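Chains as they are written, first to last, in numbering that gives the first Met the number 0: chain A, 0 to 296; chain B, 0 to 253.
Because the hints were derived from the structure by calculation, they are not lab data.
Nothing here was measured: the structure is a model prediction, and the numbers come from that model.
Incorrect hints may appear among the rest.
Restricting the straight-line Cα-Cα distance to at most 25 Å, the calculated cross-link-like pairs of lysine-lysine (BS3-like) are [stated by the list, open to error]: (1) B/Lys130 <-> B/Lys143; (2) B/Lys195 <-> B/Lys144; (3) A/Lys281 <-> B/Lys186; (4) B/Lys58 <-> B/Lys91; (5) A/Lys283 <-> B/Lys107; (6) A/Lys147 <-> B/Lys144; (7) B/Lys24 <-> B/Lys239; (8) A/Lys283 <-> B/Lys195; (9) B/Lys143 <-> A/Lys282; (10) B/Lys144 <-> A/Lys282; (11) A/Lys283 <-> B/Lys143; (12) B/Lys91 <-> A/Lys147; (13) B/Lys68 <-> B/Lys130; (14) B/Lys186 <-> B/Lys125; (15) B/Lys24 <-> A/Lys281; (16) B/Lys62 <-> B/Lys91; (17) B/Lys125 <-> A/Lys147; (18) B/Lys143 <-> B/Lys91; (19) B/Lys58 <-> A/Lys147; (20) A/Lys282 <-> B/Lys107; (21) B/Lys107 <-> A/Lys281; (22) B/Lys58 <-> B/Lys24; (23) A/Lys147 <-> B/Lys62.
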Amino acid sequence: MDALISQYIDPYYLRILMLIGINIILALGLNLITGVTGQLSMGHAGFMSIGAYTSAILSMQMGSPFFLSLLAGAMVAAFFGFLIGIPTLRLEGDYLAMVTIGFAEIIRVFFLNFEPGGKAVGLSGIPQNTTFVLVWTLVIIIIILNAKLLSSRIGRAFYAIRENEIAAEASGINSTRLKVLAFTAGSFLAGLGGGLYAHYMYFIRPQDFAFMKSIELLNMVVLGGMGSIPGTILGSVILTLLPEMLRIVAEYRLLFYGALLVILMIFRPNGLLGDVRVYDIKKKLQGKKVGLWQSSN
Amino acid sequence: MAVLQLEEITMEFGGLRALDLVDIKVEEQQIYGIIGPNGAGKTTLFNIITGIYLPTGGKVIFKDCLLNKMHPWDVARQGIGRTFQNIRLFNKLSVLDNVRVGSHGVSKSGFFGSMLGLPSSRREEKMIVEKAEHLLELVGLGEKKLEYADNLAYGEQRRLEIARAMALNPSLLLLDEPAAGMNSTEKVELMDLIWKIRNEMQLTIILVEHDMNLVMNICEQIAVLDYGRKIADGPPEVVKNDERVIQSYLGAEA
């Protein structure tokens, strides 16, 4: 299957498609934490790097099978998410954001000085096991599980915490526990994405997971629409493609990138798909139909 | 036997004593009113009962169970539902979802069960939806179940809060100024609704309210707070004619 795909798709486009898939997984994780549960995390790349390094080191130095490395990376990231979540999720908004930035920085500095991780030079020669089919199969599974979760009792409780924490607690929702749960699940996906990234890029170093990477992931969630799965997917696609498409403007690339973000947020403050529901679209269409019918009378 | 018993509740915020040795006893299936001027400590009392504040002194006893140091969600799971003075809905969720969230405390599906759609959580989900739809019919919002909560009119939002609180299958319902901002027709409807849910679901209701007409009509027992102290309690006729209550709150007739 993968051989077939690489035969027909240009390597450049294939690479972009892979990165889109990995970014969707990462952004869906952050969407659980920030978009759905409303806990502003600006350190998602930190958890991604934990997954990337853990899985890469396991694969390279312990010779563990790829799937095991991938799973272990995700689990270790989830464990750290859990550990960090307990004390920090009592904080709200800006304060939580600062703590998560700090945590991601600590992780980055740790890997900068971590002998088995190659310090500042990073790790190279990671087996390139991440394939197109694997990434996109995982994307589909994760989207389905995410959608199921968000329409369930637990998912609704996540949204309720974002919308009004006091009212959520008055409905019997243990907000502390659920926030830690969202954080852990989101970190798991960050770790999984990190592992896939490491085994695709062949080479990782600490600055790949710096603050800007966290911001990029946050942008995907915010641009697409906080808490919306289709929105997050759209955001990931756009923000992975945009820098590529802006290659035409060469050195002004970042300028355009920033300007486009500003413009989009002015016109769609809730994100592209943040407040779009099938029900509202249907209602609008029906409203129009009724209007037409009346005028023809 | 009293369903809810407050014994010598005291609440201090820094140097301010918001509640001072308040005793209140609410009997089963009573509609109990708490009235008093602004800042008398009525909402503070609700926040103490529901575990948002930890009282500096005194006991909150609900059906032989001491609520004092419980978290708000544990209090809710004991069967105490509430509404808020300044409406607190989940604005960007549908009306139906607001009520579905309300049954969180009395349902069980966990993280993996929900995600994998296990039969037990699917069954539970079906029951939650049925109950939510029934409650929305009861408060007259059945038609609007797919609207966003913040698209509802003010009076509808208040009724949605009641439906959400009812989803918890509470045995005690706390209503914080349920009639605030309602016109007189809506107030009459609200009274009917409160009677109806008390009688149909056999629960106890405590309400904080400024509308004397509603309070005197609907409440079987009333406590009057003033500057954090309880200055009177008893049936409406007694409270209405109490010298101190007239002086501090109701005002003498001109």
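So, going through the hints one by one against the coordinates:
no., hint, result
1, B/Lys130 <-> B/Lys143, "16 Å, holds"
2, B/Lys195 <-> B/Lys144, "21 Å, holds"
3, A/Lys281 <-> B/Lys186, "34 Å, violated"
4, B/Lys58 <-> B/Lys91, "37 Å, violated"
5, A/Lys283 <-> B/Lys107, "37 Å, violated"
6, A/Lys147 <-> B/Lys144, "21 Å, holds"
7, B/Lys24 <-> B/Lys239, "19 Å, holds"
8, A/Lys283 <-> B/Lys195, "36 Å, violated"
9, B/Lys143 <-> A/Lys282, "12 Å, holds"
10, B/Lys144 <-> A/Lys282, "13 Å, holds"
11, A/Lys283 <-> B/Lys143, "15 Å, holds"
12, B/Lys91 <-> A/Lys147, "19 Å, holds"
13, B/Lys68 <-> B/Lys130, "31 Å, violated"
14, B/Lys186 <-> B/Lys125, "33 Å, violated"
15, B/Lys24 <-> A/Lys281, "51 Å, violated"
16, B/Lys62 <-> B/Lys91, "36 Å, violated"
17, B/Lys125 <-> A/Lys147, "14 Å, holds"
18, B/Lys143 <-> B/Lys91, "14 Å, holds"
19, B/Lys58 <-> A/Lys147, "43 Å, violated"
20, A/Lys282 <-> B/Lys107, "34 Å, violated"
21, B/Lys107 <-> A/Lys281, "33 Å, violated"
22, B/Lys58 <-> B/Lys24, "12 Å, holds"
23, A/Lys147 <-> B/Lys62, "38 Å, violated"
Of the hints listed earlier, those the structure fails to meet are numbers 3, 4, 5, 8, 13, 14, 15, 16, 19, 20, 21, 23, in rising order.
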